[in-house]
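Enquirer: Under our numbering, residues 1 to 556 are what the sequence shown spells out, in order.
FYI, nobody ran anything at the bench for these hints, they're computed from the structure.
No residue lacks a Cβ here, since even glycine has one placed at the ideal position from N, Cα and C.
It is possible that some hints are incorrect.
Unchecked claim - DEER-style ranges, computed between Cβ atoms: (1) Lys12 with Pro42: 49 to 57 Å; (2) Asp211 with Lys453: 12 to 20 Å; (3) Asp171 with Glu387: 25 to 33 Å; (4) Gln477 with Asp211: 21 to 29 Å; (5) Lys347 with Leu399: 39 to 47 Å; (6) Asn428 with Lys453: 48 to 56 Å.
To be verified - DSSO-like cross-link-like pairs, simulated, lysine-lysine; straight-line CA separation at most 30 Å: (7) Lys430 with Lys453; (8) Lys210 with Lys52; (9) Lys88 with Lys39; (10) Lys239 with Lys184; (11) Lys216 with Lys290; (12) Lys249 with Lys210; (13) Lys445 with Lys499; (14) Lys88 with Lys290; (15) Lys342 with Lys321; (16) Lys430 with Lys369; (17) Lys369 with Lys210; (18) Lys229 with Lys249; (19) Lys239 with Lys321; (20) Lys2 with Lys87; (21) Lys216 with Lys52; (22) Lys537 with Lys499; (23) Lys52 with Lys290; (24) Lys397 with Lys84; (25) Lys87 with Lys430; (26) Lys347 with Lys369; (27) Lys88 with Lys537; (28) Lys35 with Lys543; (29) Lys210 with Lys321; (30) Lys390 with Lys369; (31) Lys543 with Lys430; (32) Lys390 with Lys354; (33) Lys411 with Lys342; (34) Lys435 with Lys422; (35) Lys290 with Lys390; (36) Lys342 with Lys52; (37) Lys47 with Lys321.
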Amino acid sequence: MKSDIEIAQGAKMKPIIEIAQQLGLGEEDLELYGKYKAKISPEVWDKIKGNKDGKLVLVTAINPTAAGEGKSTVTVGLGQAMDKIGKKVSICLREPSLGPVFGIKGGAAGGGYSQVVPMEDINLHFTGDMHAITATNNLLSAAIDNHIHQGNELSIDVRRVLWKRAMDVNDRALRQIVVGLGGKTNGMPREDNFLITVASEIMAILCLAKDLMDLKERLGRIIVAYDLKNNPVRARDLKIQGAMTLLLKDAIKPNLVQTLENVPAFIHGGPFANIAHGCNSIMATQYALKLSDYVITEAGFGADLGAEKFFNIKCRYGELKPNAVVLVATLRALKMHGGSAKDVLDKENVDTLKRGLNNLEKQIENIGKFGVPVVVAINSFLTDTQEEVKIVESRCKELGVEVALCKVWEKGGPGGIQLAEKLVDILNTKESDFKVLYDESLSIKAKIDIIVKEIYGGIGVEYTPRAEKAIRELGEQNLDGLPICMAKTQYSLSDDPHKLGRPQGFKVTVGDVRISAGAGFIVVLTGEIMTMPGLPKVPSAEKIDINEKGEILGLF
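Using the sequences provided together with the hints, build the complete structure.
Expert: Next up, the structure:
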């Protein structure tokens, strides 16, 4: 089979104006970025806000493994399949980060015959959103250090500057740095850090903002430091929120592209699914819902992280009501959860598959806690055997859950028709009774306890002295009444990445608690969460090239 980039480069794309016309939009509603990319003009919202919302479908997964699960591929393929059966559909995805593209993970544009295109542009600079977010983040960093250098009127405690610098490539050497060296004119020396752009609070804010003025208000709320009296210092205290909003005036506009089969695709925003909420922007989702009868979107990592945050954070702020969930699993990943080594996953192993089903079962339970109907998608690999497929199908039947074999990587839309038809049947026959898991007015510990026990299946929570102090201070400053954003390993339901399947009897250790006041959530850190990844020994960047014809080579 051809590589992803070879398939993408052979795509017969339609001009983006024609894709917009499928949604009822005209050229006047678009801001064109070449022939195949566009942003939606802000004025469009006034024209469509009275439209009835379409059905919202979330694609999530079991806990990811090194074997791969393929949420983005299923999301794209399902959208194409819905189009094949005559439905007016859009998909909503996050924008890829350059870090994974040039590092080890790869992009986020789907795969095989279920991709969004132009794939090269989407995985590289796209419409410049990532660069705008990076610049905005670093403008705030510069303003903080300049304020301190110019006399520090706000009495910022240089030992408690919380705001970090950002860049959108992997560079481990910048995780811990010292700034301000070289003498008095270069500022005050202090420790600092870089994080990757998708881990910046600016990214989370962009994806949770409802419009430009909401974005500006949220940017002003960012807590950048504490002063010498332990009071929070916010971006608005530096009088910088207006300039930051200006840098993001185009980035906030949703991006429109297409799939290989010319289905409209909104790709906008890309917050980390660990340190942030891992979902595309509320604005893109709302636009899609007003312009389509069905919207297929995804959330990062497994249902214990991505779906939980999609429901408890994004849906809460966006006032969204999801109608159904597609839970993606691969037989390979289930066998890893059951104890199989990665190098033997191509061989049939009924025993490890059966043991690994407990991870799928737990994630089905988790979705049920939010009152949303679910269908399981078995993302097919060529090495899957009929016996293994039957085992998963039989177990889902016992649980009363619909299941469909999905071959969208291999066949595109036609490979997802069974899944699309079952999804439509669920949407027509089962009413969503969506509800969030907790009231944000509960104490921080009460909210964490609910997530750990209800979603992870743990028996309790332990707090380090650092976390206890942080929780106490947030309570004293009346900053505790926000949703929780758990920063946890994606590989396990627990906080230990080595505990696969469905671990029992564990406690989660909270090492620290931080406030993202602009985004509007409390980040709870468990385990080792990396906000600035490093490059592997042989990064993907070494395999990527461009020839004399301008053709990109080696990009997946």
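Enquirer: Holds or violated: are the alpha carbons of Lys87 and Lys430 at most 30 Å from each other?
Expert: The given pair, whose Cα atoms are some 18 Å apart, holds under the 30 Å limit.
Enquirer: Is the hinted range of 21 to 29 Å satisfied by the C-beta distance from Gln477 to Asp211?
Expert: holds, 28 Å
Enquirer: Taking 25 to 33 Å as the hint, is the beta-carbon distance of Asp171 and Glu387 inside that range?
Expert: violated, 47 Å
Enquirer: Given the hint that Lys47 pairs with Lys321, does the C-alpha gap stay at or below 30 Å?
Expert: Roughly 22 Å separates the two Cα atoms, so the pair holds.
Enquirer: Please work out if Lys52 and Lys290 have their alpha carbons no farther apart than 30 Å.
Expert: holds, 6 Å
Enquirer: Next pair to validate is Lys249 with Lys210; report whether the Cα-Cα distance is within 30 Å.
Expert: holds, 13 Å
Enquirer: Between Asp211 and Lys453, does the beta-carbon spacing fit 12 to 20 Å?
Expert: violated, 37 Å
Enquirer: Would the hint linking Lys210 and Lys321 be met if the CA-CA limit is 30 Å?
Expert: Roughly 16 Å separates the two Cα atoms, so the pair holds.
Enquirer: Hint check: Lys369 vs Lys210, CA-CA at most 30 Å. Holds or violated?
Expert: Measuring from Cα to Cα gives roughly 27 Å; hence the hint holds.
Enquirer: Is the Cα-Cα distance between Lys2 and Lys87 30 Å or less?
Expert: With a Cα-Cα distance of about 29 Å, the restraint between Lys2 and Lys87 holds, given a limit of 30 Å.
Enquirer: Does Lys390 sit within 30 Å of Lys290, going by the straight-line distance between their CA atoms?
Expert: violated, 39 Å
Enquirer: Using the C-beta atoms of Lys12 and Pro42, is the stated range 49 to 57 Å upheld?
Expert: About 31 Å separates the Cβ atoms of Lys12 and Pro42, which means 49 to 57 Å is violated.
Checked against the numbered hints given earlier, this structure breaks hints 1, 2, 3, 5, 6, 15, 18, 19, 26, 27, 31, 35, 36; the rest are met.
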